Amino acid sequence: MGTKCCDCGNLNLPPRIICTECNGKRLEWHEFKGNGKLQTYTFIYTAPTFLKDKVPYAVGIAKLEEGPMIAARISDVDINESDRIKISTNVKIDYIQESGRNILTLRIE
Amino acid sequence: MIADKVAIIGAGITRFHHSLHLGKSTRELFVEAFLESLESVDKGINHKDIEALFIGNTVNEFFEHQSHLSSLLADWSGLLPIPSTRIETACASSSTALEMGTLAVASGMYNIVIVGGVEKMSTLQTDEMTWALMSGMDQAYECPLGVSNPGLYAMMAMAHFQKYGSTWEQLATISVKNHHNASLNPKAQYQSEIIDIANKIGQKKGLSFKDEMDFLKSSSNPYVAYPLRLFDCSPISDGASTVILASTEKAKNFTDTPIYISGLGHKSGTMSLHDRNDLTSIPSAVEAGKNAYKMANIEPKDIDVAMVHDCFTPAEMIAIEDLGFFAKGEGARASEEGRTSLSGEIPINTDGGLKAKGHPIAATGTAMAYEVWKQLRGEAEKRQVPNADVGLIHNIGATGGTAVVQIFKR
Numbered sequence: 001m002g003t004k005c006c007d008c009g010n011l012n013l014p015p016r017i018i019c020t021e022c023n024g025k026r027l028e029w030h031e032f033k034g035n036g037k038l039q040t041y042t043f044i045y046t047a048p049t050f051l052k053d054k055v056p057y058a059v060g061i062a063k064l065e066e067g068p069m070i071a072a073r074i075s076d077v078d079i080n081e082s083d084r085i086k087i088s089t090n091v092k093i094d095y096i097q098e099s100g101r102n103i104l105t106l107r108i109e
Numbered sequence: 001m002i003a004d005k006v007a008i009i010g011a012g013i014t015r016f017h018h019s020l021h022l023g024k025s026t027r028e029l030f031v032e033a034f035l036e037s038l039e040s041v042d043k044g045i046n047h048k049d050i051e052a053l054f055i056g057n058t059v060n061e062f063f064e065h066q067s068h069l070s071s072l073l074a075d076w077s078g079l080l081p082i083p084s085t086r087i088e089t090a091c092a093s094s095s096t097a098l099e100m101g102t103l104a105v106a107s108g109m110y111n112i113v114i115v116g117g118v119e120k121m122s123t124l125q126t127d128e129m130t131w132a133l134m135s136g137m138d139q140a141y142e143c144p145l146g147v148s149n150p151g152l153y154a155m156m157a158m159a160h161f162q163k164y165g166s167t168w169e170q171l172a173t174i175s176v177k178n179h180h181n182a183s184l185n186p187k188a189q190y191q192s193e194i195i196d197i198a199n200k201i202g203q204k205k206g207l208s209f210k211d212e213m214d215f216l217k218s219s220s221n222p223y224v225a226y227p228l229r230l231f232d233c234s235p236i237s238d239g240a241s242t243v244i245l246a247s248t249e250k251a252k253n254f255t256d257t258p259i260y261i262s263g264l265g266h267k268s269g270t271m272s273l274h275d276r277n278d279l280t281s282i283p284s285a286v287e288a289g290k291n292a293y294k295m296a297n298i299e300p301k302d303i304d305v306a307m308v309h310d311c312f313t314p315a316e317m318i319a320i321e322d323l324g325f326f327a328k329g330e331g332a333r334a335s336e337e338g339r340t341s342l343s344g345e346i347p348i349n350t351d352g353g354l355k356a357k358g359h360p361i362a363a364t365g366t367a368m369a370y371e372v373w374k375q376l377r378g379e380a381e382k383r384q385v386p387n388a389d390v391g392l393i394h395n396i397g398a399t400g401g402t403a404v405v406q407i408f409k410r
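Residue numbers (the numbering used here), protein chains in the order written: chain A, 1 to 109; chain B, 1 to 410.
By construction, these hints were calculated from the structure, which means they are not laboratory data. From a predicted model like this one, the values you see are computed outputs, not experimental measurements. Please note that the accuracy of each hint is not assured.
[As the list claims (entries may be wrong)] Computed list of lysine-lysine pairs in DSS-like fashion (alpha-carbon distance at most 25 Å, straight line):
| # | chain 1 | residue 1 | chain 2 | residue 2 |
| --- | --- | --- | --- | --- |
| 1 | A | K37 | B | K5 |
| 2 | A | K63 | B | K328 |
| 3 | A | K86 | B | K328 |
| 4 | A | K33 | A | K52 |
| 5 | B | K163 | A | K63 |
| 6 | B | K328 | A | K92 |
| 7 | B | K5 | B | K328 |
| 8 | A | K37 | A | K4 |
| 9 | B | K200 | B | K382 |
Given the sequences, and given the hints that come with them, work out the whole structure.
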């Protein structure tokens, strides 16, 4: 879920309080379809404490078809299948549960 | 109005290092740099002449559980009761402190101030330190994913490779260059060429490496965030740096070679990397650079020597494009061709850069100013760039949430 500006129509993901395009303060919730293209990615080997046991894991940035870009974990690809990840491949937003939190993820189509 | 109204009359830094300062705290590191900067003033300076203190520090709360550094460092430097302010703009903290000090002197409020930065990083293990430094990223939308600072720059590198055809091998040449420069710098953390480090590690492990690239591609240079490996990343360091600023009128009392602050640029950028339109450039750096060039009334080609923010090798590649030294997409090739070496057309990171000189986070900005000050006064010894009259520093917070560019003239 992100926001749509009632004044200029700009979409923001993550949701904002002030529109990044026109500084408008009247924003409403907007549900994104979750389809996008991968812009870039990496595999993290040196992790913060809470993810030390999961290295190496992939993260990437996707550009959703509605416009905004968002960062997410690439949770369904491990290091041995790393050639499945290609820039500009189609991806789908999803979520996983981790330590009681929702983590945004990308699924490679 | 502000250009050339304020000058550097002295500067000092500790050696930057990951283990040499293990027994020293933040306050001791800062005082060491401060005392060196006092000694560096050509005609001498009295402690009592200093009227204000501006210090950069990013995350001392994590490393020492100590905040309120404004008071601590003024007290321990023997500067009470002058006004003291701690400034935090992630890795750009001390160049921002230098900017604030310059504005304070230019306003007429003070004649002489000290600006600087300090970071003590060696107290935490790698995973805890990674997490502490992730406080400079978006806590809500980047950190839970576990994407680290090297991870963000790795993604910028991958996007740059895709868009411009640059390669990791080209990035590696930046690391080789910076280690070479640091081998000539007694203040640098790593004073060895990469080939010497390779041979040493080879001896220990019973391996042999043909050349630097052979070593850099080996498992002795492990991945940190693909495609970036250990030698693409600036290290953990402890250190401090300080610079003494004076109004141009007063500067003559202290030195016959003041170095003038001619251009100031400072812009803020998006907190998250994904909120940026172009992942291969840092827009705040481009704009800060333009502002600094305009104030100094010069163009990129007029810069003789520059220190840029190579927290990771792709950051230097992107910096030299953003600053207008090379066209977009050409930064990697220019580095590979030696155009940014000590003898190249625009020497970049003559002190070894963050990679080899070290990166005690908030100490980096004023350490860059220290090197430019040395270069412009002809005091850079074996790293000296001939006829260096105009220098530039480029200091970035995280992935570009803050960008500070400053220009200095002899």
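Going down the list of hints, with the structure as the test:
Restraint check for A:K37 and B:K5: not satisfied, since their Cα atoms lie roughly 51 Å apart, outside the 25 Å limit. With a C-alpha separation of about 22 Å, the suggested pair A:K63 and B:K328 falls inside the 25 Å cut-off, and the hint holds. For the suggested pair A:K86 and B:K328, the alpha carbons sit about 23 Å apart, so the restraint of at most 25 Å is met. About 32 Å separates the Cα atoms of A:K33 and A:K52, which puts this hinted pair outside 25 Å; it is violated.
A distance of roughly 15 Å separates the Cα atoms of B:K163 and A:K63; the hinted pair therefore holds under the 25 Å criterion. A distance of roughly 31 Å separates the Cα atoms of B:K328 and A:K92; the hinted pair therefore is violated under the 25 Å criterion. At roughly 34 Å between alpha-carbon atoms, B:K5 and B:K328 are farther apart than 25 Å, so this suggested pair is violated. With a C-alpha separation of about 21 Å, the suggested pairing of A:K37 with A:K4 holds against the 25 Å cut-off.
Between the alpha carbons of B:K200 and B:K382 the distance comes to roughly 24 Å, so the proposed pair stays at or under 25 Å and holds.
Checked against the numbered hints listed earlier, the structure breaks hints 1, 4, 6, 7; every other hint is satisfied.
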